[in-house]
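Engineer: Model the full structure from these sequences, guided by the hints.
Chain order of the listed sequences is R and F. Under the working numbering, the first residue of the first sequence is numbered 1, with each subsequent residue one higher. Under the working numbering, the first residue of the second sequence is numbered 1001, with each subsequent residue one higher.
Honestly, the hints are just simulated from the structure, not real lab data. Check the hints yourself; a few may be wrong.
In silico DSS-like links for lysine-lysine, alpha-carbon gap of 30 Å or less [unchecked claim]:
hint	chain 1	residue 1	chain 2	residue 2
1	R	Lys-190	R	Lys-48
2	R	Lys-190	R	Lys-234
3	R	Lys-48	F	Lys-1328
4	F	Lys-1328	F	Lys-1316
5	R	Lys-269	R	Lys-190
6	F	Lys-1316	R	Lys-48
Each chain, letter by letter, is given below.
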Amino acid sequence: MGWVTDHPPRMEALDSCVACGLCLPVCPTFRLTGDETASPRGRLTAMKAVASHGMEVDERFAEMMSFCLQCRACETACPSMVPFGGVMEASRTEARTQVPVRRDWFRRLLLVNVLRSRFLLRVATIFAAVMQRIGLLIRLPVVGAQTRGLRPLSLPVRTTAGGTWGNPSGDVAMLLSGCVADVWFSDVHKATIEVLVAAGYRVEAPANQTCCGALAAHGGFADDARSMANCNIKAFASADVIVTDVAGCGAHLKVYGRYGDDGAGVAAKVRDVNEVVASAITDGRLPSFPTSGRKIGIQDPCHLEHGQHTATAVDVVIGAAGFTPIAIDRGGQCCGAAGLYQIDYPEISEQLGRMKADRVTDAGTTTVVSANAGCEMQLRRFLDDGYRIRHPIEVYRDRMMEDDRRPTTDD
Amino acid sequence: MPLIDELVALLGPERVRHHPLDLAVFAKDAGVTSGPVVAAVFPETAAEVAACVKLAVTHGVPIVPRGAGTGLAGGAVPIDPGLLIVVTRMNQIHEIDEIGRTAWVGPGLINLDLSTSLASRGLHFAPDPSSQRASTIGGNVGTNAGGPHCLADGTTVAHILAAELVTADGDIVIVGSDAPDLPGLDLRAVVVGSEGTLGIVTKVLVRLMQNPPNAATLLIGFSTIQDAAATVSRIIASGSIPAALEMMDRPMVEAVEAFVQAGYPTDVAAVLLAEVTGTGQSVADTTSLIESIAHSNNAASIRVATDSAERALLWKGRKSAFGAVSQKAPDYYLHDTVVPRTRLVEVLGQIYEIGERHGVEMLNVFHAGDGNLHPLVAFDANEPGMFERVRAAADEMVRASIEAGGTLSGEHGIGIEKRDLMPLVFNEADLDAQARIRDAFDPQRIMNPGKVLPSGSRCFDASGARL
Chain R
1 MGWVTDHPPR
11 MEALDSCVAC
21 GLCLPVCPTF
31 RLTGDETASP
41 RGRLTAMKAV
51 ASHGMEVDER
61 FAEMMSFCLQ
71 CRACETACPS
81 MVPFGGVMEA
91 SRTEARTQVP
101 VRRDWFRRLL
111 LVNVLRSRFL
121 LRVATIFAAV
131 MQRIGLLIRL
141 PVVGAQTRGL
151 RPLSLPVRTT
161 AGGTWGNPSG
171 DVAMLLSGCV
181 ADVWFSDVHK
191 ATIEVLVAAG
201 YRVEAPANQT
211 CCGALAAHGG
221 FADDARSMAN
231 CNIKAFASAD
241 VIVTDVAGCG
251 AHLKVYGRYG
261 DDGAGVAAKV
271 RDVNEVVASA
281 ITDGRLPSFP
291 TSGRKIGIQD
301 PCHLEHGQHT
311 ATAVDVVIGA
321 AGFTPIAIDR
331 GGQCCGAAGL
341 YQIDYPEISE
351 QLGRMKADRV
361 TDAGTTTVVS
371 ANAGCEMQLR
381 RFLDDGYRIR
391 HPIEVYRDRM
401 MEDDRRPTTD
411 D
Chain F
1001 MPLIDELVAL
1011 LGPERVRHHP
1021 LDLAVFAKDA
1031 GVTSGPVVAA
1041 VFPETAAEVA
1051 ACVKLAVTHG
1061 VPIVPRGAGT
1071 GLAGGAVPID
1081 PGLLIVVTRM
1091 NQIHEIDEIG
1101 RTAWVGPGLI
1111 NLDLSTSLAS
1121 RGLHFAPDPS
1131 SQRASTIGGN
1141 VGTNAGGPHC
1151 LADGTTVAHI
1161 LAAELVTADG
1171 DIVIVGSDAP
1181 DLPGLDLRAV
1191 VVGSEGTLGI
1201 VTKVLVRLMQ
1211 NPPNAATLLI
1221 GFSTIQDAAA
1231 TVSRIIASGS
1241 IPAALEMMDR
1251 PMVEAVEAFV
1261 QAGYPTDVAA
1271 VLLAEVTGTG
1281 QSVADTTSLI
1291 ESIAHSNNAA
1301 SIRVATDSAE
1311 RALLWKGRKS
1321 AFGAVSQKAP
1331 DYYLHDTVVP
1341 RTRLVEVLGQ
1351 IYEIGERHGV
1361 EMLNVFHAGD
1371 GNLHPLVAFD
1381 ANEPGMFERV
1391 RAAADEMVRA
1401 SIEAGGTLSG
1411 EHGIGIEKRD
1421 LMPLVFNEAD
1431 LDAQARIRDA
1441 FDPQRIMNPG
1451 KVLPSGSRCF
1461 DASGARL
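Structural biologist: Quick look at the structure:
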């Protein structure tokens, strides 16, 4: 039957693979299995087999696609510059459409209905915060183990959407509040806002924004992802710069060009907060502090390194905060968090999480920064309580506050 | 019991792939040919490989070994429905002898992973095919692979001391040894480069080399191919063999630079990438010697990189060349001929002329130091009749190389792609002798049959020897 959706994997993208195989060694699932069908090249061959050689989108196809972590390390390694993330998302939508998925309604409820509804997110967060306080959250079925990596959830629930901060005449930096990031990582948003205000921006978090749609797109809900993107394209149209402090969301906003010219306009203005702060430090709008000699480990989220090619901005931020940045496993593999992957393939996720935790241990630093919420949770889950896992901008903000001789508000 | 069921009973369902989509994925390597696969299996020990071989023999199914599938000659592609024995899980470093500078490794170990894991001991494995980031040691052995640094260090055969082999009988034997001069026939050298036709290599004793204390990489641009080639000849004639001497023409440089952004000059006709290694003074001396030769041959630009990150980026460009071709067209076809260095300019001229005459797009990237050409045709296989045109052009390029006193293949192996061109370089007696050696190992022709030697190599039949 071939492809059936309106937006199948683009033929010219599939054709751009010449099958050289240089993606194989950087693919975590190929590394673990040695299996071509678990490699980027093998997955592209499978897509081509459907597109051109009469193969069916069947359960095996769906399995080959869902086994991918979508870390996009293959894109960085690819001399043919195959846009792998996009064709993988399209293939997943095809698979979901053609092959019955177990608990599909529940996945859609989670990835689409909850994430795009501020009300449902708030309800879910209050529930989770209460469960966390009485120690029952980690005992929940299916998702319990993953919640070990959560920060303590604040009650009452704090959100940023609808807020404005800072110099009214400054350049407008619009903050992507996001979905779970807004309610679970509100401390990171707070640090981001404080540092951007210090850099002279007027920070606005548009009230009419929604979830970026990354998880929906990764999960094969292309139409829902599109409608979320369209909502954000309107909400962010007037920004000078659009700032995200979750690498996964930033990487996804940067592919909004697939939704047309307005999308491309928004995508072009998207910056990870580390990029914005690093350039403000470089041109003197934000201070560099004298070095303390203390070390901080830097974990490179895939969606910063491969999705946005900006991983080194974090080094600048941490260096300017007075610490010696220690790269952890640079150029290495995905930590295995990968959104819903940790529920779909818990063993692989755990194996990769433990490997990453071992690299942290090797590096010998007990404070580690990660610019992505999912990686942060994964690190905390597999490292013992002696390690502090933070967002790089929180570290910089604390150093800034210390200098102002004001107490920190974090933690 | 059917073969698949027996394999599943042996290895478990997770290590036997046989769904039609799996078979489609495994039907191809990095080359242009594809073939029918019965199943792909992932043994983890020599004993499991031997058991798979015995099952395949019982069922009369040919066996094709496969590593990372980065080969370009179809070595890992079955001709008749075959069982793929994939060795990627046999990727251990079993033991390292730091004093004797050897290591026993699995055939599925990725080439570059070996050198990376030896870095802290100051050692490396020298043969470095451009695909080394992905290709396996087993592939090195199968094709007797070369690579840029084989100019000074020699190809794979000079770096393999012994190999454990599962034969067509399912026996596990060792050829070679760590002794310096083994009595009897050197079967090790016969196995290296045999492309899986003599058995399946399950363990390899590799020679390790010391990392050079200093290194410099020169990137030299030329306004004409002739000047670049003349520089190569003059450098070799000077008696100092650099560690590597690579050339890329302009279309290739453009594609590579778009990917790596290493500062390759895209306004010159050709670039030469030369690497010099050794101690500080000798590196400095050889570097300035190469610079002066380049100047006297009208070099348009010279850049010397001594910083390891900068050198690595330049090499990443060179070693991504084949993949980068897709910026020009979705498919490529290439040969791997060797010509005498003195005739580089002349043969390159013929190659461009052949490409133009057949109306195909040509890119050139090659090991200039040892005259190992990779004339590469970029094309779109979806265009009707295109592949036939490309093949005809490539075939002529091979003949031109051989007529100039060169040979058919430098390092990629013969596989399916170059099999029927073998009579261009070997006569009946040569081919017959090679076929007899193969029959001594594998009388039933169950090991990667149909590869390397054209059909009828024994009692040679010239009628089938054309592509």
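Engineer: Taking the hints in turn, state whether each one holds.
Structural biologist: Hints and how they fare:
1. R:Lys-190 to R:Lys-48: Judged against 30 Å, a Cα distance of about 46 Å means the pair is violated.
2. R:Lys-190 to R:Lys-234: holds (24 Å)
3. R:Lys-48 to F:Lys-1328: holds (19 Å)
4. F:Lys-1328 to F:Lys-1316: holds (19 Å)
5. R:Lys-269 to R:Lys-190: Cα-Cα ~21 Å, so holds.
6. F:Lys-1316 to R:Lys-48: This hinted pair holds, its Cα atoms lying about 28 Å apart.
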